[in-house]
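S.K.: Sequence:
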Amino acid sequence: MSIKLVMPSNHLILCHPLLLLPSIFLSIRVFSNEKNQEEELQLSDWFDPRKRPDVITTTSWLAPVVWEGTFSREALEKHYRKQNLTTGLAVFATGRLADQYLELFLNSANKYFLTGYRVIFYLMVDTLVRLPQIRWGPLRQFKVFIVTEDSWWANADLVRMKSLAKHIIWDIQGEVDFLFSMTVTQIFQSYVGVEVLGESVAQLHAWWYFKNRASFPYERRPKSAACIPFGQGDFYYDGAFVGGTPLEVLNLVEEYLNGIIHDLRLRLNSTYEKHLNKYFFLWKPAKLLSPEYNWDADFYPPPQVQYVKVAQQSKRSH
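Heads up: the sequence shown is residues -32 to -1, 1 to 286, going by mature numbering (1 follows the signal peptide of the UniProt record, and there is no 0).
Just so you know, the hints here were simulated from the structure itself, not pulled from any lab data. Model, not experiment: these values are computed from the prediction. C-beta: ideal position from N, C-alpha, C; glycine also. One or more of the hints may lead you astray.
Unchecked claim - The list that follows gives simulated cross-link-like pairs (lysine-lysine, DSSO-like), each with its CA atoms no further than 27 Å apart:
id: 1; residue 1: K111; residue 2: K191
id: 2; residue 1: K179; residue 2: K111
id: 3; residue 1: K252; residue 2: K19
id: 4; residue 1: K191; residue 2: K179
id: 5; residue 1: K79; residue 2: K46
id: 6; residue 1: K79; residue 2: K179
id: 7; residue 1: K46; residue 2: K19
id: 8; residue 1: K79; residue 2: K50
id: 9; residue 1: K79; residue 2: K111
id: 10; residue 1: K179; residue 2: K19
Said to hold, decoys possible - Ranges between beta-carbon positions, derived for each pair:
id: 11; residue 1: A124; residue 2: L72; range: 16 to 22 Å
id: 12; residue 1: L72; residue 2: P190; range: 18 to 24 Å
id: 13; residue 1: Q200; residue 2: D67; range: 38 to 44 Å
id: 14; residue 1: Y275; residue 2: L11; range: 33 to 39 Å
id: 15; residue 1: Y275; residue 2: K179; range: 20 to 26 Å
id: 16; residue 1: G63; residue 2: L250; range: 17 to 23 Å
With the sequences and hints as input, model every part of the structure.
M.R.: Right, dumping it as structure tokens:
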């Protein structure tokens, strides 16, 4: 286990909170992950949608929806063990969120997330005082990024995405094969393994998965960059768990930030999750995670959710 503290340097602090960010993405456009292109795993080698006829297991663009029972962990392990993978897991935790949730999140991720594989935990915090003492398992390390306060601090999602973009470019892209971003209010309940790895991975929203598409809370204002017109859309995605290759995650962040810029110029304000849904509407994810990977602990799971792997911590206990 190794620890690295990364302090912000002057050249990373943007003089404008948004408008200078898009230009820095040019530095990563040529990045590609050669290891992930060495040997392609066929979907039929590890995924059998017939095992779960009670749920949606394949999208209209033929991407798998990962539910317990649909995948062969043995086939996935055989493939990924040969690739010497490193996966990044980024979490943003400041103020009361860090005090209430960070230790539980890290302890559960240390125990259940990609056990047996190298994982780098990227902790974006506002002060070192908030760091819990964790007994890290083998193949685990963590790096701390100090997030500097700026005039957009009230928009936590914006600060989180700006920080993630900067650190993908300057710190993360050369270190990991896959990268996931999660919210600190989640807690791993059981093993989450290589079945979640993919070029572009989206999380189905546990609540809206069971609702009619017409009721999805998409952005509907035509002038907003996040707008998905009535009658269109595929699923409603949750921003609490998203991942893929570093390049794909950065592309998502870039589109979100460009969308925020567009909307602010028109005096509009749409949420991160709505911009995320617009991104996955335009650029379909290669893999979708079922509600098992982000169930709300305040609600008893329906029959379709047989195995809760990640839960949003109950608000009733805080």
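S.K.: Please name the hints from earlier in the document that this structure breaks, with their numbers sorted from lowest to highest.
M.R.: 1, 2, 6, 12, 14 and 16
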